[in-house]
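All chains, full assembly: derive it from the sequences and hints.
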Amino acid sequence: NAGVMQNPRHLVRRRGQEARLRCSPMKGHSHVYWYRQLPEEGLKFMVYLQKENIIDESGMPKERFSAEFPKEGPSILRIQQVVRGDSAAYFCASSDPLGKENGELFFGEGSRLTVL
Amino acid sequence: DQQVKQNSPSLSVQEGRISILNCDYTNSMFDYFLWYKKYPAEGPTFLISISSIKDKNEDGRFTVFLNKSAKHLSLHIVPSQPGDSAVYFCAASRTNSGYALNFGKGTSLLVTP
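Residue numbers (this note's numbering), protein chains in the order written: chain A, 1 to 116; chain B, 1001 to 1113.
Source of the hints: derived by calculation from the structure; they are not laboratory data.
Even glycine gets a Cβ: it sits at the ideal position worked out from N, Cα and C.
Errors might be hidden in some of the hints.
Under the rule of at most 25 Å between Cα atoms (straight-line distance), these lysine-lysine pairs were calculated in the DSS-like manner [as the list claims (entries may be wrong)]:
id, chain 1, residue 1, chain 2, residue 2
1, A, Lys51, A, Lys71
2, B, Lys1054, B, Lys1071
3, B, Lys1056, B, Lys1068
4, B, Lys1068, B, Lys1105
5, B, Lys1005, A, Lys44
6, B, Lys1054, B, Lys1068
7, A, Lys51, A, Lys62
8, B, Lys1071, B, Lys1005
9, B, Lys1068, A, Lys44
10, B, Lys1105, A, Lys44
11, A, Lys44, B, Lys1071
12, B, Lys1005, B, Lys1054
13, A, Lys27, A, Lys62
14, A, Lys62, B, Lys1068
15, A, Lys62, A, Lys44
Here are some, though not all, of the chain B residues that point toward chain A, as calculated from beta-carbon distances under 7 Å [claimed, not checked]:
id, residue
16, Gly1043
17, Pro1044
18, Phe1046
19, Tyr1099
20, Ala1100
21, Phe1103
22, Gly1104
23, Lys1105
Distance ranges between label pairs, derived from CB positions [said to hold, decoys possible]:
id, chain 1, residue 1, chain 2, residue 2, range
24, B, Met1029, A, Gly3, 19 to 25 Å
25, B, Pro1009, A, Lys27, 35 to 41 Å
26, B, Ala1070, A, Glu72, 19 to 25 Å
27, B, Pro1040, A, Gly59, 23 to 29 Å
28, A, Pro70, B, Ala1041, 25 to 31 Å
29, A, Arg20, B, Ser1074, 39 to 45 Å
30, B, Ser1069, A, Leu116, 44 to 50 Å
31, B, Ser1010, A, Pro70, 37 to 43 Å
32, B, Arg1017, A, Arg78, 43 to 49 Å
Given below as structure tokens:
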């Protein structure tokens, strides 16, 4: 499967625990984006990364959230000390440099986080 | 602050008829607009896009119309098919940050046989 791969698909955490969501971009893509969809809302941009670089994190909450895209391995979205309001679907997308300019992002199936 | 609005949460259309999905935006800096389609438990998939220098873009059964003065765009699907039943998201961006898409809340389209 050459698509954007996200795991886990479903994650349940208790308040105060940490959540780690992983994303492997499409083959040949070097740009990764994370979006969050709260219940009954549209997707909201969180962060844009290239290998070993955060390009734009203007959509990330200032505290408890971090993202990385290491030289080797998947991109990771990390949420520390989760709260109930973090319950959402987190979508990863990837693009090649040209696709980025056209806004044609390829999305994964999402990771659904539930905080109890 | 919802800069892209899809005021119809749902739409039901008979197979073979035209589906028209509407979208309004408030930010005049947006110059690129896209429609994504989403099935349950899947990620959004790109459908069609339009640049602000155009007022219409066609791709098979799908046509997007852009009215810049009204800050309004619409997606027409003709003829509608049952497989088109999905949630459709309108999105907008500025060219210099085309990855930071601003999505509407979506319109759920049901095409009945």
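### Query
Could one say that the CB atoms of alanine 1070(B) and glutamate 72(A) fall in the range 19 to 25 Å?
49 Å, violated
### Task
May I ask you to test the hint 43 to 49 Å on the CB atoms belonging to arginine 1017(B) and arginine 78(A)?
47 Å, holds
### Query
Taking the beta carbons of serine 1069(B) and leucine 116(A), is their distance inside 44 to 50 Å?
49 Å, holds
### Task
With respect to the beta-carbon atoms only, verify the hint that proline 1040(B) and glycine 59(A) lie 23 to 29 Å apart.
25 Å, holds
### Task
Return the status of the interface hint for phenylalanine 1046(B): holds when the least beta-carbon distance to chain A is below 7 Å, violated otherwise.
Holds, because the Cβ-Cβ distance from phenylalanine 1046(B) to chain A comes to roughly 5 Å (cut-off 7 Å).
### Query
Does the nearest C-beta of chain A fall within a distance shorter than 7 Å of the C-beta of alanine 1100(B)?
Where the cut-off is 7 Å and the nearest Cβ of chain A is about 4 Å from alanine 1100(B), the hint holds.
### Query
Holds or violated: are the alpha carbons of lysine 1005(B) and lysine 1054(B) at most 25 Å from each other?
21 Å, holds
### Query
Is lysine 44(A) close enough to lysine 1071(B), meaning Cα to Cα at most 25 Å?
The hint holds at about 20 Å.
#### Entry: Cβ distance range 19 to 25 Å for methionine 1029(B) and glycine 3(A), holds or violated
32 Å, violated
#### Entry: Distance restraint between lysine 1056(B) and lysine 1068(B), which requires alpha-carbon spacing of 25 Å or less
11 Å, holds
### Query
Per the hint of 35 to 41 Å, is the separation of the Cβ atoms of proline 1009(B) and lysine 27(A) within bounds?
36 Å, holds
### Query
When you check the alpha-carbon spacing of lysine 62(A) and lysine 1068(B), does it fall within 25 Å?
34 Å, violated
In terms of the numbered hints stated before, the structure departs from hints 13, 14, 24, 26, listed from lowest to highest.
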